[in-house]
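Going from the sequence shown to my numbering is simple: count from 1 and add 12.
Quick caveat, the hints were computed from the structure, so don't treat them as lab data. Among the clues, some could well be false.
Label-pair distances were calculated between CB atoms; the ranges are [stated by the list, open to error]:
#1 205 with 63: 34 to 40 angstroms
#2 193 with 62: 49 to 55 angstroms
#3 235 with 76: 28 to 34 angstroms
In silico lysine-lysine, BS3-like type, Cα no more than 25 angstroms apart, as pairs [claimed, not checked]:
#4 164 with 197
#5 164 with 196
#6 164 with 126
Here a beta-carbon is modelled for each residue, glycine too, at the ideal position from N, C-alpha and C.
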Amino acid sequence: MALKILFLLASLVVTVLGAAIDTSTLDSRPIEKRDDDLPARVPYVFPAPGTDPIADAIRARRDNGTLLALDGVLLNAPLIASTWNSLFGVIRENTTIPGNMRELAILRIATLNKASYEWLQHESVGRSEGLTTDQLRVIRLTPLLGSSAETKNILGPELSAMMTFTDWSTSTAEVPDNVFAGLKKFLNNQQLVEATATVGGYNFVSRFLLALDVDGKNNVSVPIPS
């Protein structure tokens, strides 16, 4: 019953958002190339602008209103797509953790889980949030739980704490007390919850991408920044 109520609420939110979105604006935006247009394990669903309120709500978050391959896979299950869009809209755009910490966690998860699509979507975002090429190379090339004095010097204490937290949470799910305490030095209680939701959420994303081979990226190596 609770799940049914959640889905009904999600549908109501989508209906309201759909009514509020100016679809004529979406129609007038230039159409960008959508990823590499390689097939996934399920067909892509790309409703035309103005014909589907859930798809239009997702378009409103995307550059130039262009649905990604990920969106096309999600739209096979509209309520999942709607709830996903709401959750990750919050994680990406409405938390208080520093953007470079957030993107470090996402890119580190992409590295550890070998999720090339996830990395390709977020490397440019990480750079825009202030991650340098040297820091990106540390994120990409450091072995699991393999931080050293050199990597900590490149990342700095805050990002190093976030990477160690991400490594533990991704690899074992259980985070040791000292690792949590290390991150707590730099984040308040709200931000600790947001950071944990980010790491858990983007592990979910990478597993989804890999299981459904979104944009045919399963056999593509995670890029090494240069």
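Violations among the numbered hints: 3
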